[in-house]
Amino acid sequence: MKFQKVIFSTIYLLLLGPWLHAQIRFEVHIPAQDRSKNLPIFIACSFNNWSPGDPNFRLESIGNNTYAIDLPDTLSYFEYKFTQGYWTQVEGDSQGHSRPNRVYDRLKEQNPQLLSLQIEGWEARPTYRFYIKSLPKNTPQDASIYISGNFNNWDPGNESYKLQKQFDGTYRVTVSTELEKLEYKFTRGNWETVEGQENGKACPNRALYRKSDFRLEEIPVDIKGWEDLTGTFNFYSIYDLLILFSAFQCILLLVAIPTMQDYNRKANQWLLLSIAFTAIVLIMKTMTGYRVIAEQYSRLLLIPDFALFLYAPLFYFYLQKLLFKTPQMPVKWWLHFILPIFQVLVYMPFMLLGSKELLIKLLNKEQDLHFVSVIAGTISWFVNIFYWFINWKSVEGYNKQYPNQASNEQNTDYLHTVLILQAICLVLWAFTGLLIFGQRFFAWDTVLLADKSIDIIWLAFSAIPYFLGYFAIHQPEIFKIVKTSLTQVNILPNKASNDTPSVLSKLPEISPEIIPQTDETPVQDIEKDANHEQLIASWKEKIDEFMNSEKPYTNVGLTLNELAGMLKITPHLLSKVINEAYQKNFFDFINSYRIEEFKIRFEDPRNRQFTMLAIAFDVGFNSKTAFNRAFKKMTSQSPREYFFDSRVEE
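Numbering-wise, this note's numbering puts 273 at position 251 of the sequence shown, and it's gapless, one number per residue.
Don't read these hints as lab results, they were simulated from the structure.
Any given hint could turn out to be false.
Claimed, not checked - Restraint-style ranges between C-beta atoms, simulated for each label pair:
#1 Lys-415 to Trp-356: 46 to 56 angstroms
#2 Lys-203 to Gln-135: 16 to 26 angstroms
#3 Thr-657 to Ile-397: 51 to 61 angstroms
#4 Lys-203 to Ile-401: 23 to 33 angstroms
#5 Phe-189 to Ser-138: 43 to 53 angstroms
#6 Trp-403 to Arg-623: 52 to 62 angstroms
#7 Leu-274 to Asn-180: 19 to 29 angstroms
#8 Asn-629 to Val-405: 48 to 58 angstroms
#9 Ile-401 to Arg-623: 39 to 49 angstroms
#10 Ser-377 to Ala-54: 41 to 51 angstroms
#11 Lys-203 to Ile-478: 53 to 63 angstroms
#12 Gln-318 to Leu-274: 25 to 35 angstroms
To be verified - With a Cα cut of at most 27 angstroms, we get these calculated DSS-like pairs of lysine-lysine:
#13 Lys-415 to Lys-598
#14 Lys-646 to Lys-422
#15 Lys-130 to Lys-187
#16 Lys-203 to Lys-387
#17 Lys-564 to Lys-590
#18 Lys-606 to Lys-590
#19 Lys-598 to Lys-562
#20 Lys-203 to Lys-184
#21 Lys-246 to Lys-184
#22 Lys-387 to Lys-184
#23 Lys-573 to Lys-621
#24 Lys-646 to Lys-562
#25 Lys-246 to Lys-155
#26 Lys-422 to Lys-474
C-beta: ideal position from N, C-alpha, C; glycine also.
Just need the whole structure built from these sequences, with the hints factored in.
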């Protein structure tokens, strides 16, 4: 019995042995145009994760322009294609078009052990081969990674675009598309797990541009982080915190400014509107940088765009109300807000879309929304440049005029600071526009640079509330009532009038009790009078007597108009006498009396209990800086140097 079992076993092995060691042999003939080349040929198939260049599946040249490879006979069904090592060099038809996958089916092949095949040609289409060079350390070990972009309608988990882990440990995927511009991101299967910056914030779309040579090399990818796997201490970056603190600073200013004594209501109403709008925009800009908010409330992503047209007119009206006497709004003031209203109307169809639909439009940069954004950004830059020059001209004009009409020092340093920050924003804005233009028309790889430039613009814009807060603490008088009013710089007519507003028409009106009487001397008569110098000297004597007896300079807000009313002469005549007789402007003329009065009071033993600053305020100065600057200008010494530190200030 045992002998029979041995005999049967031997016969069984002899009959089935060749089949157990059988293999499937593929013999492939290459195209005629490639027969002089020593091409590497690989088989990429469903059982090797479609790896196009796996050295274990490279075909060997057997002569006569034929390549061969043996595969295990255990395979009964699989799909495959031949490549030259890359998906950019995959077989196609004789015309260079794509061909369907080849299929091996043991049951349908005439000879399952030997297949003789012909490669007709190679595909000639834009194909991009990506491989991930590095992943975040917190990436799950079993994570599936996908590529999503405008080539697949931003499907975050399409199995056709799943990256395959290769024998060398890298993740690779190939994308073929006819699109001129390829935009894409990497995900772990859904938008909750999309790639982001290291701090978890959303990152801009990656982009590639189609070139004439489609045989692209491998495209390395570094994934910095995942939006859903951000560390606790990385959730808010320093950049985000600066923007948010600026918004909180705005809120504090909204509370603090109206509580100030002598609150300049007319001017600061516009300031408060601009500060409130700035706070809203900064909060929206920061919060929508995070995935959860951007996905659920995608309409909020459009809110910061409204700063393009609205912020400039708000700040313009603040300056005009702050610096100049404008008791009423210009007749056509509403023209300043035509563009912001038009922007709202244009954006309304997008605001009415569903959150997901709008998010897809934003990600895909669809033509309608992208066109609106580009046009709005371009037009608004020119609008903001126009307002900036008007505002700069207003501040500079004010600085030139007030020494001739005001006696107290007007601090416009903070306005210069704000205008400089606005100028920085405008320059960076133009630079960003140039980057986007180059990216669109010259295929510049400037996506990340443009994104960083936009971040710097918002950082510079958010610095404005910090400076306003600083000046509100250290120089609160800038937010208080300004009694001196000068010529206004108008870009729209105030009233329908044939007369051009003059400087005098913008000055404060003289109250009825000090309106000049009939005995005042017309300026024209003085200029034509043969005894011109005598008349000037006569008026100088009257002014000296009045200044020494009445001491009007102790009034902090004394203006040229007010003093002219007291002397019962026209402001123009008073200004002329001061310029010719004293060789000074009105500002220096009044401060010279204040300095002399300060010297007298400081030397008076009865005032030893008072500090220098207290006496300076008492003689008409409105700040320590103004006093020190005026004293040094008049005496070429500081107050302490002048008095040899004779009194210790408390």
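Taking the hints in turn, this is what the structure says about them:
The given range of 46 to 56 angstroms is broken by Lys-415 and Trp-356, whose C-beta atoms sit roughly 23 angstroms from each other. Checking the proposed 16 to 26 angstroms range against Lys-203 and Gln-135 shows it is violated: the Cβ atoms sit about 48 angstroms from each other. For Thr-657 and Ile-397, the Cβ-Cβ distance of about 60 angstroms falls inside the hinted range of 51 to 61 angstroms, so the restraint holds. Between Lys-203 and Ile-401 the C-beta distance comes to about 24 angstroms, which sits within the given range of 23 to 33 angstroms.
The supplied range of 43 to 53 angstroms is broken by Phe-189 and Ser-138, whose beta-carbon atoms lie about 28 angstroms from each other. At about 55 angstroms, the CB distance of Trp-403 to Arg-623 agrees with the hint of 52 to 62 angstroms. The given range of 19 to 29 angstroms is broken by Leu-274 and Asn-180, whose C-beta atoms sit roughly 49 angstroms from each other. Taking 48 to 58 angstroms as the suggested C-beta distance range, the pair Asn-629 and Val-405 conforms, at roughly 56 angstroms.
Taken as a hint, the range 39 to 49 angstroms is violated for the pair Ile-401 and Arg-623, whose Cβ atoms sit roughly 59 angstroms apart. Our hint of 41 to 51 angstroms for Ser-377 and Ala-54 is violated, since their Cβ atoms are close to 56 angstroms apart. Distance hint check for Lys-203 and Ile-478: the Cβ-Cβ separation is about 25 angstroms, which falls outside the suggested range of 53 to 63 angstroms. Range check, Gln-318 to Leu-274: Cβ separation about 29 angstroms, and the 25 to 35 angstroms hint holds.
Of the supplied pair hints, the one linking Lys-415 and Lys-598 holds, its CA atoms being roughly 26 angstroms apart against a limit of 27 angstroms. For the hint pairing Lys-646 with Lys-422, the CA-to-CA distance comes to about 22 angstroms; that is within 27 angstroms, so the pair holds. A hinted pair counts as satisfied when its Cα atoms are at most 27 angstroms apart, and Lys-130 with Lys-187 does not qualify at roughly 31 angstroms. The suggested pairing of Lys-203 with Lys-387 holds, with an alpha-carbon distance near 11 angstroms, which does not exceed 27 angstroms.
For a cut-off of 27 angstroms, the pair hint linking Lys-564 to Lys-590 stands: about 11 angstroms separates their Cα positions. Taken as a hint, the Lys-606 and Lys-590 pair is honoured in the structure, with Cα atoms around 21 angstroms apart against an allowance of 27 angstroms. A distance of roughly 11 angstroms separates the Cα atoms of Lys-598 and Lys-562; the hinted pair therefore holds under the 27 angstroms criterion. About 21 angstroms separates the Cα atoms of Lys-203 and Lys-184, which keeps this hinted pair within 27 angstroms; it holds.
Taken as a hint, the Lys-246 and Lys-184 pair is honoured in the structure, with Cα atoms around 19 angstroms apart against an allowance of 27 angstroms. With a C-alpha separation of about 23 angstroms, the suggested pair Lys-387 and Lys-184 falls inside the 27 angstroms cut-off, and the hint holds. Distance restraint check for Lys-573 and Lys-621: the Cα-Cα separation of roughly 15 angstroms lies within the 27 angstroms cut-off, and the hinted pair is therefore satisfied. Between the alpha carbons of Lys-646 and Lys-562 the distance comes to roughly 30 angstroms, so the proposed pair goes past 27 angstroms and is violated.
With a C-alpha separation of about 11 angstroms, the suggested pairing of Lys-246 with Lys-155 holds against the 27 angstroms cut-off. Straight-line distance between C-alpha atoms of Lys-422 and Lys-474 comes to about 39 angstroms, which puts the hinted pair past the 27 angstroms bound.
When the structure is compared with the earlier hints, violations turn up for hints 1, 2, 5, 7, 9, 10, 11, 15, 24, 26 and for no others.
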